[in-house]
Each structure stands twice: as structure tokens, then as C-alpha cells.
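Engineer: These protein sequence lines are chains A and B, in that order. Positions 25 to 136 (the working numbering) are the ones given, in order, by the first sequence. Positions 6 to 555 (the working numbering) are the ones given, in order, by the second sequence.
Note that these hints are calculated values from the structure, not bench results. Every residue, glycine too, gets a C-beta built ideally from N, C-alpha and C. Mixed in with the good hints, there may be bad ones.
[To be verified] Listed next, the stretches of chain B that the computed footprint assigns to chain A, with coverage defined by at least 3 CB atoms under 8 angstroms from CB atoms of chain A:
hint	stretch
1	30-36
2	55-67
3	326-339
4	413-423
5	490-502
[As the list claims (entries may be wrong)] In the DSBU-like style, the derived pairs of lysine-lysine whose C-alpha atoms are separated by at most 35 angstroms in a straight line are:
hint	chain 1	residue 1	chain 2	residue 2
6	B	LYS170	B	LYS253
7	B	LYS228	B	LYS253
8	B	LYS550	B	LYS480
9	B	LYS42	B	LYS170
10	B	LYS480	A	LYS62
11	A	LYS62	B	LYS550
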Amino acid sequence: MTQQVVSANRLADGRVVYLAAEGGWTRELAAARRADGKEAGAALLAEAEAGVRRCEVVAPTLVELQEEAAETPGELPGLRRLRERIRDRGPTRETGRLLTEKPAATAAAGGL
Amino acid sequence: MYRYDEFDQAFVRQRVAQFRDQVNRRLAGELSEDEFKPLRLMNGLYLQLHAYMLRVAIPYGVLSAAQLRQLAFIARRYDRGYGHFTTRQNIQYNWIRLDETVEILEALAEVEMHALQTSGNCIRNTTADPYAGVAADEIEDPRVWCEIIRQWSSLHPEFSFLPRKFKIAVSGAAQDRAAVKFHDIGLYLRRNAEGEVGFEVLVGGGQGRTPVVAETVRDFLPKRHLLSYLEAILRVYNLLGRRDNIYKARIKILVQSIGIAEFARLVEAEWAQMDGSSLDLPEEEVARIQAYFAPPDYPAAPEVDLAAQRRAEPAFDRWLAANVARHRVPGYAIVTLSLKPTGGIPGDATAEQMERVADLAERYGLGEIRTTHAQNLVLPDVRRADLQALWRELETAGLAAPNIGLAGDIIACPGLDYCSLANARSIPVAQDISRRLGDPERQRLLGPLQIKISGCINACGHHHAGHIGILGVDKRGEEFYQVTLGGSGEEDAAIGGILGRAFSAEEIGPAVEALVDTYLELRADEGEPFLQAYRRLGDAPFKEKLYGTA
Numbered sequence: 025m026t027q028q029v030v031s032a033n034r035l036a037d038g039r040v041v042y043l044a045a046e047g048g049w050t051r052e053l054a055a056a057r058r059a060d061g062k063e064a065g066a067a068l069l070a071e072a073e074a075g076v077r078r079c080e081v082v083a084p085t086l087v088e089l090q091e092e093a094a095e096t097p098g099e100l101p102g103l104r105r106l107r108e109r110i111r112d113r114g115p116t117r118e119t120g121r122l123l124t125e126k127p128a129a130t131a132a133a134g135g136l
Numbered sequence: 006m007y008r009y010d011e012f013d014q015a016f017v018r019q020r021v022a023q024f025r026d027q028v029n030r031r032l033a034g035e036l037s038e039d040e041f042k043p044l045r046l047m048n049g050l051y052l053q054l055h056a057y058m059l060r061v062a063i064p065y066g067v068l069s070a071a072q073l074r075q076l077a078f079i080a081r082r083y084d085r086g087y088g089h090f091t092t093r094q095n096i097q098y099n100w101i102r103l104d105e106t107v108e109i110l111e112a113l114a115e116v117e118m119h120a121l122q123t124s125g126n127c128i129r130n131t132t133a134d135p136y137a138g139v140a141a142d143e144i145e146d147p148r149v150w151c152e153i154i155r156q157w158s159s160l161h162p163e164f165s166f167l168p169r170k171f172k173i174a175v176s177g178a179a180q181d182r183a184a185v186k187f188h189d190i191g192l193y194l195r196r197n198a199e200g201e202v203g204f205e206v207l208v209g210g211g212q213g214r215t216p217v218v219a220e221t222v223r224d225f226l227p228k229r230h231l232l233s234y235l236e237a238i239l240r241v242y243n244l245l246g247r248r249d250n251i252y253k254a255r256i257k258i259l260v261q262s263i264g265i266a267e268f269a270r271l272v273e274a275e276w277a278q279m280d281g282s283s284l285d286l287p288e289e290e291v292a293r294i295q296a297y298f299a300p301p302d303y304p305a306a307p308e309v310d311l312a313a314q315r316r317a318e319p320a321f322d323r324w325l326a327a328n329v330a331r332h333r334v335p336g337y338a339i340v341t342l343s344l345k346p347t348g349g350i351p352g353d354a355t356a357e358q359m360e361r362v363a364d365l366a367e368r369y370g371l372g373e374i375r376t377t378h379a380q381n382l383v384l385p386d387v388r389r390a391d392l393q394a395l396w397r398e399l400e401t402a403g404l405a406a407p408n409i410g411l412a413g414d415i416i417a418c419p420g421l422d423y424c425s426l427a428n429a430r431s432i433p434v435a436q437d438i439s440r441r442l443g444d445p446e447r448q449r450l451l452g453p454l455q456i457k458i459s460g461c462i463n464a465c466g467h468h469h470a471g472h473i474g475i476l477g478v479d480k481r482g483e484e485f486y487q488v489t490l491g492g493s494g495e496e497d498a499a500i501g502g503i504l505g506r507a508f509s510a511e512e513i514g515p516a517v518e519a520l521v522d523t524y525l526e527l528r529a530d531e532g533e534p535f536l537q538a539y540r541r542l543g544d545a546p547f548k549e550k551l552y553g554t555a
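Chain A with its partners taken away, still in its complex shape:
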């Protein structure tokens, strides 16, 4: 079953954040809380909406993780969509990666 996390942009500075396992919001995907399946995802998103009401974040949304397991036990698998990987890691221009480099399928933080 596809795992999901909630991502949003922080209101004050627009930076990408995730709903954290420890509560609140984190910049680290590895610290994001995971949900398995549709119902758990909806519950996670509902919880994230409280962050909107508290003026912490904008536009929370569920994003899917890759189905492959993480290489390192205990770490998160990467983000499934390229868009989300770019949101997480920053523009590819800044990483200096070539277009032809494939994303590491099981990178801990969804690297490009």
C-alpha cells in the first residue's frame, strides 16, 4: 500500500515543510509522519488543516512515497513524483545534477 506524508508551504516564508511525527512541522522529510492508505491519509490531512487555521502553513496536501522500501531500515523511502522531489531537494540547477541522471529510487530523502 502506498505510504503518504503531508507537505505544505510555511506561511511566513513559503518554505516546504512536512507534518512531523513529533507534532508540528518539519523541514526534514525523514522526520515526516507517514500514513498508510486512504483513510489514514485523510486523517493526516485533516490534522494538517489545523496548521492552516493556526496560520502556520498554506495548501497542505498528501504526497506519495515510492513503493520501494528504503535502503536503510527506519528511513523513509523517496517521494514518488518528480515535482515533490524537486520541492524537497530544491531546483536541480542548484544540485548541479545532469538531466540524464536518474533519481535514486530508494534515496532516503527522495533525492533527484
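Guided by the hints, dock chain B onto chain A, whose structure is given.
Structural biologist: Just chain B now, kept in the frame of chain A:
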């Protein structure tokens, strides 16, 4: 250039104060995002993938050295040390914080700038020929009319909530360097049979998912009637433009649906019943604005033996051939500074580069800089005797790529690396192609070749108008790139045709190289540019090369 009067100054300051209040209320939770979003967009502030993005207006692409220094300051203080010059002659900052936006708007106001009407369904920043006022092929300076349009359209109450955004471009030259025919309204300054100067008015051009080349709605409009005629066009659009479907809301859809003849009839009827005299500018007001753009007193410039310099330095020769254009005043030249170094990000400039350009504009020019829709910068008034010294300075600043109008002068939108609308990345594709075709001698041999890349169908990278156009699409989560050939954004405007199936990210660079090789094999001679060869040959040999079938 135009200088703010007391009204302009007070108006911009007032808007900054209003936005400060709006931001404070948003941060305090008194405004929801739904309530705040239209307010921030009216001030050019978007929320993109990584942060807020602020789009700053550069009216008709004209900047003073002081303004460019302030843009550099903003890049360094509030962004990550660079800015991105756009295809609408504006600049965007990609790493902006909401809670610092008001400070930035205050910094802009200090140098008579703002971010108003760079978003929203209003009349956007009017664009112009970047060589305005200095071009050797110009009938009249379009900046005067751009400024008049700017003042008329700023917060125009009737046109602040149009069915969709609205873009106007003006050119006064024989060569179209402003993509006039791809605008909602395009204006060419023309001379009629009696020798009077007026406007040819075009309407309904645009790119996006429905590309259309604008059609002429009036062959000749006396200049004094410009505002009333624009108002008539906008009234017809405001009344009949569709508001039920965002994809069918631009004026081009209206013009296409009723036909240019019927649209012209409606505009003329609206214009006939308007009180034009209340809108048409009095001559003294036009003269007042004209005075801001009066040609400077050009000091006599000594002639220089450029031929000898060119022979001595082939690299200077290449740069001169590609990046320097004829000025209307003998002894002077127009210099385009390429923001497209090989492997670079099209349109990006660092704070240091902006400051360097500001210094060079003062040292080698008259303190003015232009931005171009092709995402480069222009120094409009350089003494020919200074060209070699300027070139040496630009070389050290990474601004002397000799590629204007050539294969390396790629237009690219920010794409999926930044933009929340994008489906695919544009920048790495541009970088890849730039590296493949970047050799200056190869570019010179290839001749004029415009490659334009958009990361989605909104076409901010003008791919429809590229000799080679590239459109990024998403196919089941993977980036693919569709190729179009034969587009042009100039006076021979044309929409490129799709060549065939899309290419993967790995394939697109080699595919472009294959197209270029095919052109080299088949061109009649070195004097036949890519676009001309394509028009003669058609799709077939290019399809054959890429897909193995015509």
C-alpha cells in the same frame, strides 16, 4: 527615461502601505489564504514550489543604473543572490519570504519601481522593442506610448477585473523585436501614405494552449486616438470575453470565435459612440511625456577602425557580429549582453553581474539598461570606440557569450524547477542543449536559430514561436518533450508545427542536435537560415531524421 512625479510617488507608497496592512492581517490570521491570494497577486507575489516568488515590473524593459543596483541589492538581501529576467521584460525573485515582501516593495519604491499588475486579470506590463529610441530602423520611439499606456492602465477601474490577463506590446521599428503579434493587442508605429505616423493595431495574438498570431483590426490609427481606441477594444472584450472557462477567456478566443471582421465592427461601433475627446490625450500632455524620452545630446564619438580590431581578435569579431547592432547615431552602437553563457540558466543574473552591468552602463553608456523578451540585457548607447574595452569587461563578468539570436540564445521558462504550474523542467534541457551547441564557431556557422523551451502549455518560454520549440509534458509522471518547428515571433510571426511523438529527457538534447545537423546537410548555402530552410523543405527531412519516417 520617465521619472515619477508626485502623483506616481504617492500612489506607489500608498500601495505599499496597503499591502503592509494586508500582510500583517494575513500573518495574524485575520485574512484566510483565499482572501489574501488575490491581494498578494495584485502585488506580483506568487507562491511557488519552494517559496514565494515576486515578479517586479520593469516598464517596457527600461532600467536606470540606480534601479538595476537596487534589484541587485534585493537579490542579495532577500533572495539567494540572483534574479531571473523574464520573457515579459520583468524580473522574478524565486526565494522570497512573505514577511519580508513589504520591505522589498519599499526598496523598489525608493527607485520608482513596484510589482503592481505583474499578475492578475488586468493589463500587464506593456512590453516594447528593447532598442526603442536608438534603433536605426525605427520610425518613432515607442516608449512614449508605452508610458502613456502604463499611466492609463494602472489600476484602471474598468479593466482591473478582465476575463483574463491582458498583454500589450509596442514597436516602432521595421524589425519586430518585441513579439508584437503574440500579444492581446499589438501596436506597430507606421507611416501612412501622407507621411503621418500612427498605429497599425493588431488584436488577438497569444501563446498558451491556443496559440494565435494577432490580426490587424485597424490599419492606421492616428496617434492621438490611441487611448480611446484601446478602451473600445477592451470594452468589447470585457463585455463579450468568456468568464465561464479560464481556457477560453483570452481575447484571442473571442476574436477567433466571431472573426476579425465582426470584432473590428464591434470595436468601431463602440469607439464611434464613445466620447473620445475625454480620453484622447491633449498635445501638451503627450509633449510632456515625450520630453522624458527626448534623445540625449550624444557627444561626438570618434570613429575607430573596428575592422583592424576584429582581424586581430576573432573572439571579439564573433561577439561584434552577434551582439552589437546599429545605432541611429553615427559613432554609437547598441550592445546586447547575453544572459546565456554556455551551460547557464537562461535569464539568470547574479547580484554581482547586475551591479557590474549598472557600472558599465554608466561608464560606457548613458546610464540606461534595457531588458529583452529574449531574457538578455541591452546597453543602448555605447560609443563604437569603446566596444572592445566593454567586451573585455563583459568577458570577465561572464556576460559576453557571442550568441544573440544564435543557437545558444535559448529562451526558457523556470519550469518544474520552480514553477507550480509546470509539468516538466525547462532549465536542465536548456543547459543540455546549450552545452551541445555552445561552441561559438559552431553557432556562427549555424546562423540565426531560436530555440525556445516551455515547461508547460502556458508557454511562458514562447515555444510556439521558436524556430525549434520544445514543450515539456508529463506522461504518467515522467518528463517528455514535444518538438515544434517553424515558429517565429518576429514580423513573419508563425506558430511552430508539432513534428511527432515526444522525446524523453535523455533523448531531447540529441534530437535537437539531429535537427541542427539535418539543417546543415540540407541548407541551400550558408546564407539560408534555419527558418528559411525549414520553410522551403517542410517537415519531411526533419521527421525522417528523428523518426525514420516522413
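Engineer: If a hint holds in the structure, say so; if it doesn't, say that too.
Structural biologist: Hint by hint, here is what the structure shows:
1. Restraint check on the stretch 30-36 of chain B versus chain A: 4 residues with Cβ-Cβ distances below 8 angstroms, three needed, restraint holds.
2. With a threshold of 8 angstroms between beta carbons, the proposed coverage of the stretch 55-67 of chain B by chain A holds, since 3 of its residues qualify and at least three are required.
3. Coverage of the stretch 326-339 of chain B by chain A is violated. Counting CB-CB distances below 8 angstroms, 0 residues qualify, and the rule asks for three or more.
4. Counting residues of the stretch 413-423 of chain B whose C-beta sits closer than 8 angstroms to any C-beta of chain A gives 3, which meets the bar of three, so the coverage hint holds.
5. A stretch counts as covered by a chain when three or more of its residues have a beta carbon under 8 angstroms from one of that chain; for the stretch 490-502 of chain B and chain A the count is 0, and the coverage is violated.
6. Under the criterion of a C-alpha separation no larger than 35 angstroms, the hint pairing LYS170 (chain B) with LYS253 (chain B) is consistent with the structure, at around 12 angstroms.
7. As the CA atoms of LYS228 (chain B) and LYS253 (chain B) are separated by approximately 31 angstroms, the hinted pair is consistent with the 35 angstroms bound.
8. Restraint check for LYS550 (chain B) and LYS480 (chain B): satisfied, since their Cα atoms lie roughly 24 angstroms apart, inside the 35 angstroms limit.
9. Simply put, LYS42 (chain B) and LYS170 (chain B) have alpha-carbon atoms about 16 angstroms apart, close enough for the 35 angstroms limit, and the pair holds.
10. For the hint linking LYS480 (chain B) to LYS62 (chain A), the alpha-carbon distance of about 24 angstroms falls within 35 angstroms, and the restraint holds.
11. The hinted pair formed by LYS62 (chain A) and LYS550 (chain B) fails the criterion: a straight-line CA distance of about 48 angstroms is larger than 35 angstroms.
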